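Given next are the chains, with one letter for each unit.
2 protein chains.
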Amino acid sequence: MGRCLGLSRLKLPPKDRRNQVTYIPPHFREISPDTIGEIIASAPLACIVVQTDEGLIANHIPLLLGPDGSLIGHIALANDMHRLIAEGSEVLAIFRGEDGYISPNFYPSKAEHHRHVPTWNYQVVHVYGDIGFQHDERTKRAAVGLLTREHERRLNGKDAWRMADAPPDYIERQLGDIVAFRITVTRTLAKSKLSQNREERDYLGTISGLRATGRSALAERLEKRWHNAG
Amino acid sequence: MGRCLGLSRLKLPPKDRRNQVTYIPPHFREISPDTIGEIIASAPLACIVVQTDEGLIANHIPLLLGPDGSLIGHIALANDMHRLIAEGSEVLAIFRGEDGYISPNFYPSKAEHHRHVPTWNYQVVHVYGDIGFQHDERTKRAAVGLLTREHERRLNGKDAWRMADAPPDYIERQLGDIVAFRITVTRTLAKSKLSQNREERDYLGTISGLRATGRSALAERLEKRWHNAG
Chain X
1 MGRCLGLSRL KLPPKDRRNQ VTYIPPHFRE ISPDTIGEII ASAPLACIVV QTDEGLIANH
61 IPLLLGPDGS LIGHIALAND MHRLIAEGSE VLAIFRGEDG YISPNFYPSK AEHHRHVPTW
121 NYQVVHVYGD IGFQHDERTK RAAVGLLTRE HERRLNGKDA WRMADAPPDY IERQLGDIVA
181 FRITVTRTLA KSKLSQNREE RDYLGTISGL RATGRSALAE RLEKRWHNAG
Chain C
1 MGRCLGLSRL KLPPKDRRNQ VTYIPPHFRE ISPDTIGEII ASAPLACIVV QTDEGLIANH
61 IPLLLGPDGS LIGHIALAND MHRLIAEGSE VLAIFRGEDG YISPNFYPSK AEHHRHVPTW
121 NYQVVHVYGD IGFQHDERTK RAAVGLLTRE HERRLNGKDA WRMADAPPDY IERQLGDIVA
181 FRITVTRTLA KSKLSQNREE RDYLGTISGL RATGRSALAE RLEKRWHNAG
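Quick note, the sequences are listed as chains X and C, same order.
In terms of this note's numbering, the first sequence has 166 at position 166, counting the first letter as 1, and numbering is strictly consecutive.
In terms of this note's numbering, the second sequence has 115 at position 115, counting the first letter as 1, and numbering is strictly consecutive.
No lab work stands behind these hints: they were computed from the structure.
The structure presented is a predicted model; accordingly, all values stated were derived computationally and were not measured.
Keep in mind that the hints are not guaranteed to be accurate.
Pairs count within a copy or across copies, as identical chains cannot be separated in the list.
List of simulated lysine-lysine pairs, DSSO-like, C-alpha gap at most 30 angstroms [as the list claims (entries may be wrong)]:
1. 193 to 224
2. 224 to 140
3. 193 to 158
4. 110 to 140
5. 158 to 110
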């Protein structure tokens with residue numbers, strides 16, 4: 001899979017950076033390329049943030065991890081992002097997986113010693129990289145094609161909508177209204193804060209508690225980690 | 001409700017800013033204080049971003065909109081954020097609501113003219129404001145108390161966990177390990193990209209399509225907008 005190829009180039013940094021641009025205690029640091037790829041694939045709407053003379057700008061754009069390890073996307077031509085950011089600028093693409101409030105009530109050990117406080121579980125991937133914009137139709141068509149295939153295959157399987165289903169002149173006009181871009185990854189920071197610092201009964205209690213309160217998707221993330229670790 | 005009081009101070013900017021720090025076409029601009037409050041309340045885990053000498057830093061922190069319109073939260077004392085950011089610096093707090101891929105297959109009108117391409121729906125609130133940190137126990141206890149009450153009430157109702165359930169010395173030590181903060185809002189940008197630019201049958205088709213593909217929470221956002229507009 002192209003995704004796996006790309007992941008080996010995601011460039012996880014050494015653990016001893018003195019100042020942390022994202023607070024990640026060692027037990028919450030996510031270093032599994034598979035898990036990082038899953039977070040990106042399951043929550044592809046990244047928030048792209050960059051500092052400019054106009055202040056911090058932030059746009060939410062679906063991204064795809066390309067076979068060469070770069071992130072691929074496109075924005076509206078009307079989106080000032082490609083005018084405000086100089087070619088090659090460093091941007092931060094933030095991917096946010098499942099998240100949810102964790103109540104001390106989830107922990108069976110609470111009844112014994114009551115030494116618990118609430119917390120929040122979540123998975124995030126922060127990808128720093130240099131952005132370049134492409135205005136030629138061939139690159140734009142390729143970017144749209146890759147994203148469309150990925151999401152249509154996942155959602156509609158054999159009934160996938162294809163660009164060729166639409167009239168060529170219509171697609172051409174749509175391509176004229178967008179700008180493609182590619183983010184060349186310089187470093188990746190990822191965090192899985194999934195109660196893995198809890199004792200077994202409390203970890204399992206958290207899974208049950210999340211399920212009981214309608215947070216099944218987050219419960220599944222904990223469950224998967226449990227099975228992988230066991 | 002405190003939330004409503006606070007919202008009147010969220011300071012929506014004029015529509016004619018020349019350069020957009022977030023691309024928001026007029027038909028996707030969210031100006032309803034109720035909707036903005038709902039997005040913040042339903043997706044309280046904000047990503048707080050700020051430019052520092054170390055580069056862009058980003059941390060995911062649950063926030064609460066206080067009665068005075070400021071955002072209230074706390075971080076671990078070990079989190080470098082409060083050391084890297086000067087008191088009063090402008091930060092961006094990004095709240096992300098539901099999101100999902102929208103296939104042209106969702107639109108009944110596709111069968112007629114095939115003039116459709118995929119898109120992505122989502123709701124986001126970007127709050128810019130000046131951050132101040134508090135290290136005194138009284139403020140920290142108040143911040144933790146407000147957040148705990150909000151989430152426990154929602155999740156556990158009459159079985160809500162309370163700080164008083166834990167031993168006082170334990171809570172005291174926990175409070176020693178955190179720093180409280182408050183973001184005084186300077187401006188708020190919000191976007192509801194919910195297919196509201198589609199004709200009626202395609203809008204309703206999108207709601208059905210999202211439900212059929214397991215995106216009920218996003219479908220509900222479209223449905224609610226439909227009922228409010230009708």
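Here's how the hints hold up against the structure:
Proximity of residue 193 to residue 224 under the C-alpha cut-off of 30 angstroms is restricted to the intra-copy arrangement: shortest distance 14 angstroms within a copy versus 32 angstroms between copies. Taking the shortest Cα distances, residue 224 and residue 140 never come within 30 angstroms of each other, neither inside one copy (37 angstroms) nor across copies (35 angstroms). In the homo-oligomer, the alpha carbons of residue 193 and residue 158 lie at most 30 angstroms apart only across protomers (28 angstroms), although the nearest pairing inside one protomer, at 36 angstroms, exceeds that limit. Proximity of residue 110 and residue 140 under a CA criterion of 30 angstroms is satisfied inter-copy only: 23 angstroms between copies versus 55 angstroms inside one chain copy.
Only between protomers do residue 158 and residue 110 lie at most 30 angstroms apart by alpha-carbon distance; the minimum there is 17 angstroms, versus 50 angstroms within a single protomer.
The structure does not agree with numbered hint 2 stated previously, though it agrees with all others.
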